[in-house]
Each structure stands twice: as structure tokens, then as C-alpha cells.
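**Student:** All chains should be modelled from the sequences, with the hints used to inform the complete structure.
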Amino acid sequence: MSGSNNPFLNGLWRQNPTFVQILGMCPTLAITNSVSNAVAMGLATAFVLTISNGLISAIRNHVPKQVRIATYIAIIATAVTITDYLVKAISINVYRALGPFIPLIVANCLILERAEAFAAKKPVIPSILDGAGMGLGFAFGLSCLGTVREVLGAGTFLGIHLFGPNFEPWVLFLLPPGGFIALAIWLLLFASFRERNRNLLQIQPVEQKS
Amino acid sequence: MNEALGHIFVDAFLINNFVLCVFLGMCPFLGLSAKFSTSWRMGVSVMFVITVSSVLSFGTNLILVAFHAEYLRLITYIVIIAATVQLTEMFIKKHSPALFRELGIYLPLITTNCAVLAVPLFQTARGYNLLQSTVFAVAASGGFCLAMVLLSLARERTELSDVPSLARGTAAALVLASVLSLAFMGFAGMGGGG
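Respectively, the protein sequence lines represent chains A and B.
Note that the first sequence covers residues 1 to 210 in the numbering used here.
Note that the second sequence covers residues 1001 to 1194 in the numbering used here.
A portion of the hints provided could be inaccurate.
Claimed, not checked - Result set (DSSO-like, lysine-lysine): computed pairs, CA atoms no more than 30 Å apart in a straight line:
#1 Lys1094(B) <-> Lys65(A)
#2 Lys1035(B) <-> Lys1094(B)
#3 Lys1035(B) <-> Lys1093(B)
#4 Lys65(A) <-> Lys122(A)
#5 Lys65(A) <-> Lys121(A)
#6 Lys122(A) <-> Lys1035(B)
Quick caveat, the hints were computed from the structure, so don't treat them as lab data.
Small disclaimer: the values here were computed from a predicted structure and weren't measured.
**Tutor:** Now the structure itself:
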């Protein structure tokens, strides 16, 4: 239970943006047809989220309540523009693969949600930790989905062939319908995990009494 | 550059349907599609916002290019969208208070609907002129509306059936979306000529 007070671990696991909060679904489904793209997208989002959470938290006492959303969006858009140029400078191939989805990080509901729910109320250091935790949790979710889709859809992991030459790729998983199905399977898996944990927590006190 | 208007329309409406094939606007698609009445109203509001913001950002982009300030594009577009959403909110509040109460919290969230931001970005990247941009915006948002309505109708039907408790809600909606998406893959053949 001590983990719930740590904003970093909270975002990484307990409130995982992909599997628990179901936020930021567009890049989750669109960019996960290979593991490397999923990781790149996850890291870019984590970077933006850390910067925006830190900045928003730093100015939280100076922004009037009525214009706060517009201010947050302007800050997020600045962070995304920086990321856009950074990715372009670091690797042009990654930039081409992610395509329009880097500028679209602005419209990722996860980032605005964290700004509103956490950074607007808490001091700078916890906000940065929360941003990094949530961002990495998001990257983790994307890589989970990307692994399933790449292994089943192309028979590779990070471009390395896993199976023999007779493997017939299940192309459906690289196409849009496969994205929906793979995400549904992951959600079911995590829901059953949580259900089991809840049952265990309910049973324990009873055992202690008897 | 000189794509026929009809081709742009069919491409954005069916072949590359924003929701089911390009994965844009997932949040309202999964979050607001439980009831038909909410979903079509949301779809129409999004259509309005997308069309207005597309025309406005086309004009703004001309100014940005004239001043060599393309790096401000993203920030300008998102400000335009936020303003359009505010406008829609005021419009609906005045003309239909009942609808305003029903859409409630979701109206401001149109700002963070990536389909809305994607239309101006795509039309700039593809170099569409004003008429092409408008057709593209109407078709893309119409496709969004169509997908919302289809999914909400399917979800209303499954409401009565016996779904395992674990899969209720998002997981079941995702499976339905996947079947819809499979159906939309059939339209891919229509793009061969273009």
C-alpha cells in the first residue's frame, strides 16, 4: 500500500494510463504496429508530459482559473513543438515512421488530464515525478501492445525474426482491426488481474479473524 | 495536388475513415458511444467544429507562410480549435440548453480530440486548396460521425445480451470496433483508381 503515495510508481502501475485509466487511445492503437515505433512514441510522450507537468506546476499559482485550460494547451503545444524538432534531429527514420502522430501528442487527453488533475495542485518535484511515471507507464502500455502485434503480425521482435521461414504472418494484427482486438485482450488480462487481487484482499481479513 | 473533389470525399469518408482506419478521435469514440442519442449529437458537434476550424486554419496558414513562421503552426491551430469549441459551446448553450446539459463535460473535451487537430495538419501537409480543404474536413468529420453512430447502435444491441462481467464496457466496445474496422477494410479496394 505504501506505493500509492509515490507519484512515480503510481503512474507506472497502479494508475497505468493505458490499462487502468484508458486514456490517450489514438497513439496507443495507431503507432503500435511495431515495438520500436511504440517505444519511440512512448518516450516522446513521456518527455512532453514531464516538461509540461513541471512547467504547469511551476506557474500554477499565477494563472487565473478561467484561462487555465488555454494556458496549459499553449504550454503543451510548445513542449510538443520542441519534441517534434528534437525527433527530427535525432532520427529522420523514426520521424517518418511516427508521421503526423508527433504533433498530435498535443491532443493526447492523458497530458491535459495530468495537468488538470495533478500538476495544477501539487508542487514542482512531485509533478515532474508524476509526469515521468505516467509517461513511462504509457510507454510500457504501448510496448505491451506493440509486442503482441509485431510478434503475431510479422513474426519479428524489434526486427529480429523469431520463427522459422515457414511462419505465416498473421497480417491482420498489423492492420487496424488487429489493433482493436489486441488492446481488448490486454484490457481483459489486466481486468482479471485486478479482479483476482481484489478477491485476495477481501479474503485475507476473514482468515485473520478465524 | 489536383485531386478530384469526389475522390477526396470518398477517401476521407470511407477508405481512410478517421476512426476505424487511421485511429483518430478514439477517446470520444470509445467514451461516448454507449447511447445512440448522445453519440449522434456529439458527432454533429464535432463535424461543426472540424469544418469551421479547418477553414480558419487554412486562412491562418497563409499568414504564417507569408511571415515564414511555420514553427508556430501547431500552437496556432490548437488555439483556433479551442476558440471554435468555445464558440460551439456558447451556441449550443443558447439554442438548446437540454443538449448542453447532456453533452456537459464532453464539449470542452472536443479540444483534445485528435481528429479535430489532424484535419488542419493533414490538409496543410497535402497542400489542399480552400475548396479541397473544406471537402476534406466535411468528409473526415462525416466519417467520424458515421463510425460513432454505427458503434453506438451496435453497443445498444449488446446491452441486452449476456456479456461476461469482466468484458463489459471498454473491452466489449473494442471488439465491436474491431469488427466494424474489418468491414471498413472492404472499402480499401475503392481507392485503386486514385
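**Student:** Run every hint past the structure and note whether it holds.
**Tutor:** We went through each hint and held it up to the structure:
Of the pairs offered as hints, the one joining Lys1094(B) and Lys65(A) holds, with about 23 Å between alpha carbons and a cut-off of 30 Å not exceeded. Taking the CA atoms of Lys1035(B) and Lys1094(B), the gap is near 24 Å; set against the 30 Å cutoff, the hint holds. Under the criterion of a C-alpha separation no larger than 30 Å, the hint pairing Lys1035(B) with Lys1093(B) is consistent with the structure, at around 21 Å. The hinted pair formed by Lys65(A) and Lys122(A) meets the criterion: a straight-line CA distance of about 15 Å does not exceed 30 Å.
Of the pairs offered as hints, the one joining Lys65(A) and Lys121(A) holds, with about 12 Å between alpha carbons and a cut-off of 30 Å not exceeded. Proximity of Lys122(A) to Lys1035(B) is assessed by CA-CA distance (about 36 Å); at most 30 Å being required, the pair is judged violated.
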